[in-house]
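Listed below, chain by chain, are the residues.
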Amino acid sequence: MKALKLKKEDLYAYLESLKSYGELWGPVPRGERYVYARLTNVREVALQALRTILPPKKFFVPPRFNMFRYSEDRYTEVFDDVKPRVLFGLHPCDIHGLMILDELFLERFPDPYYRKRREATAIIGLSCIPDDKCMARSTNTHAVEGGFDLAFNELGDEYLVWVGSSLGDDLVRLNLDLFNEEIDAQDLQKYLEWRRKRDSRYKLNFDLTGMPDIMELSWDSDLWQELADKCLACGACSMVCPTCNCYNIRDVSDLSLESGVRERHWDSCMNKEYALVAGGHNFREARAERLKLYYTHKLKAFITEYGKPSCVGCGRCIDTCPVNINVAEVIRALKGQEVKV
Amino acid sequence: MAEIPKPKVGFYGFTGCAGDLLTILHCEDELLDIFNAVDIRSFLMASSDVHDDEELDIAFVEGSITTDHQLESLKGIRKRSKVLVAIGSCACFGGPQAARLGCGDWEKRFKKVYGEVKHTVAEPRESHPLDEYVKVDYCIPGCPIDKHQFFFALTRLAKGMPVELTTFPVCAECKWNENECLLLKGELCLGPVTAGGCNSRCPNHNLPCVGCWGPTSEANVASEINLLKERNFSAEEIVNKLRLFGGAAMVRRFADLLGIKTEEPAGKPRQKKARKPVAAGKAKKKTASKSPKAKSGKKR
Chain H
11 MKALKLKKED
21 LYAYLESLKS
31 YGELWGPVPR
41 GERYVYARLT
51 NVREVALQAL
61 RTILPPKKFF
71 VPPRFNMFRY
81 SEDRYTEVFD
91 DVKPRVLFGL
101 HPCDIHGLMI
111 LDELFLERFP
121 DPYYRKRREA
131 TAIIGLSCIP
141 DDKCMARSTN
151 THAVEGGFDL
161 AFNELGDEYL
171 VWVGSSLGDD
181 LVRLNLDLFN
191 EEIDAQDLQK
201 YLEWRRKRDS
211 RYKLNFDLTG
221 MPDIMELSWD
231 SDLWQELADK
241 CLACGACSMV
251 CPTCNCYNIR
261 DVSDLSLESG
271 VRERHWDSCM
281 NKEYALVAGG
291 HNFREARAER
301 LKLYYTHKLK
311 AFITEYGKPS
321 CVGCGRCIDT
331 CPVNINVAEV
341 IRALKGQEVK
351 V
Chain A
37 MAEIPKPKVG
47 FYGFTGCAGD
57 LLTILHCEDE
67 LLDIFNAVDI
77 RSFLMASSDV
87 HDDEELDIAF
97 VEGSITTDHQ
107 LESLKGIRKR
117 SKVLVAIGSC
127 ACFGGPQAAR
137 LGCGDWEKRF
147 KKVYGEVKHT
157 VAEPRESHPL
167 DEYVKVDYCI
177 PGCPIDKHQF
187 FFALTRLAKG
197 MPVELTTFPV
207 CAECKWNENE
217 CLLLKGELCL
227 GPVTAGGCNS
237 RCPNHNLPCV
247 GCWGPTSEAN
257 VASEINLLKE
267 RNFSAEEIVN
277 KLRLFGGAAM
287 VRRFADLLGI
297 KTEEPAGKPR
307 QKKARKPVAA
317 GKAKKKTASK
327 SPKAKSGKKR
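Which chain is which? The protein sequence lines are H and A, in order.
For the first sequence, counting from 1, position 8 maps to 18 in my numbering; every step adds exactly one.
For the second sequence, counting from 1, position 175 maps to 211 in my numbering; every step adds exactly one.
Calculated directly from the structure, the hints in this document are not laboratory data.
From the three backbone atoms N, C-alpha and C, an ideal C-beta is built for every residue, glycine too.
Some clues are possibly wrong.
[As the list claims (entries may be wrong)] One side only, chain H facing chain A, incomplete, derived with CB under 7 Å: (1) Pro39; (2) Gly41; (3) Leu57; (4) Ala59; (5) Ile139; (6) Lys143; (7) Ser175; (8) Ile259; (9) Pro332.
[Said to hold, decoys possible] Keeping only pairs whose Cα atoms sit at most 30 Å apart, straight-line, the calculated DSS-like set for lysine-lysine is: (10) Lys207/H x Lys318/H; (11) Lys265/A x Lys240/H; (12) Lys265/A x Lys143/H; (13) Lys18/H x Lys93/H.
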């Protein structure tokens, strides 16, 4: 990994040159929120955006897409939307979210639909200063050491730019003249200072050590029923979570009845029908059971399996749930009111 | 390959705006394919060549039942059809004309609107959904229905396969479409308790969900009401909104929550002509249940 510098005033020019690699996407405003959208005009990018409504998982596992077209004797996979893309402006938590999806979709059972989209996409990170809903420091996802091709760190009137892959190196070379390779001790001081500032801004701080133990001990807690009484079971928490990745598939026939598509769409373990199996048995009919599963997955099972929670602290569930059920509230409830650092 | 006979299909409409049948007729790009996929024996809005004495594989029925004459027709359709599909909110839940179902003051309301009139064409009755009277195999809700959901059901049934309709609420698709949450913006949105599949059509246009697809299998109406009250909506506003399209589904499942004091169970047959609805056995138990149909009671 090497570091370069880019003057802030040169950002737009550089973004423009990224378009020669592929479609450029980044955060833009939508009402009072932000979404990742295609940047035809690079000046539309919302550099102040903290969290988008949907995380970048939407690029790699679209909410609804066709896996393949079938006819009576063959099937053809559909990759129409797979094209070279540059995603600009991913914050560290979202990059960590992608790294979790990578582990799930690229390792033991590679998912061709995820892989093709992932391989065609360059990731450019952007540093951020947290707001009161960010809890990435607690999940240790507030900084990135990998998982990106380039990472921009705001530093006064410049960006420190980390090159994280050979593709990142290629991307820099698209407009090398804009970059300065001279890094000095002052830059290091400024960077360390910036890190201290960022770390001091977290309002949500939880010690998640030993979370699986606490979850285990809370198995029969009344908490789950209390939450279930409030929970609307709308599944919005799953949709906006950068690491929730469950899906459902269904075959949709053409009217010819001879051909059709296999469609895949996001699902949520909060849906009542999620654990419904053939024969009509539902393993988690009670909403309390489903809520427990959701948070067990985030804060226990994933830690046991992968050594880290599957919450990256992005704050989207805090921003989204209409009845304020979210990972911070659940951790608070499970641990008693955590002392805010 | 031996030619498999095309399924015989009929389309029918009772009380409603005909918007669901029109939705199908408006599928101009797909209309020929629809007529090709199945053998349409009756679709009065499309063709006067109707064969209403034949056995059908699938009947699609729009509209709620509001006269004795319609009830007879419905029973006839049921008898002739292997699969009966209710299409649209009127057929599924009774429609807006069933928004006051269960209040027990239908005759009074009817007189208020029509006065003392002599019914010459047919004997009117309070609007009820189809499943109040006959077995309904599938409900495709919506005001109007979504054509893709209709195609999905049609093709599945034409192949003799079961139809899995959408189970997630409107909020799921609303998130997929990355709309700003209207509930969080303080609007009276029924997205969390309403069945999805409409591609969150209204919120996509910045309009709150009015619940026209009816409640999800697990609508947490109690929590939705609390939430809306916290947003300073009056109980009356909330209840009216929930009942506007929720009709019989709201009465059957959430009567207590909505403060519906059913003086008579929804499915009670009108006394004059004593034509028994299918659910008559249950309906007779006057105070026993707000859920006149066994099916509805198990839905939760």
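**Message:** When the structure is checked against the list of hints, which entries are broken? Sort them ascending.
**Reply:** Violated hints (numbers, rising): 1, 3, 4, 5, 6, 7 and 8; every other hint is consistent with the structure.
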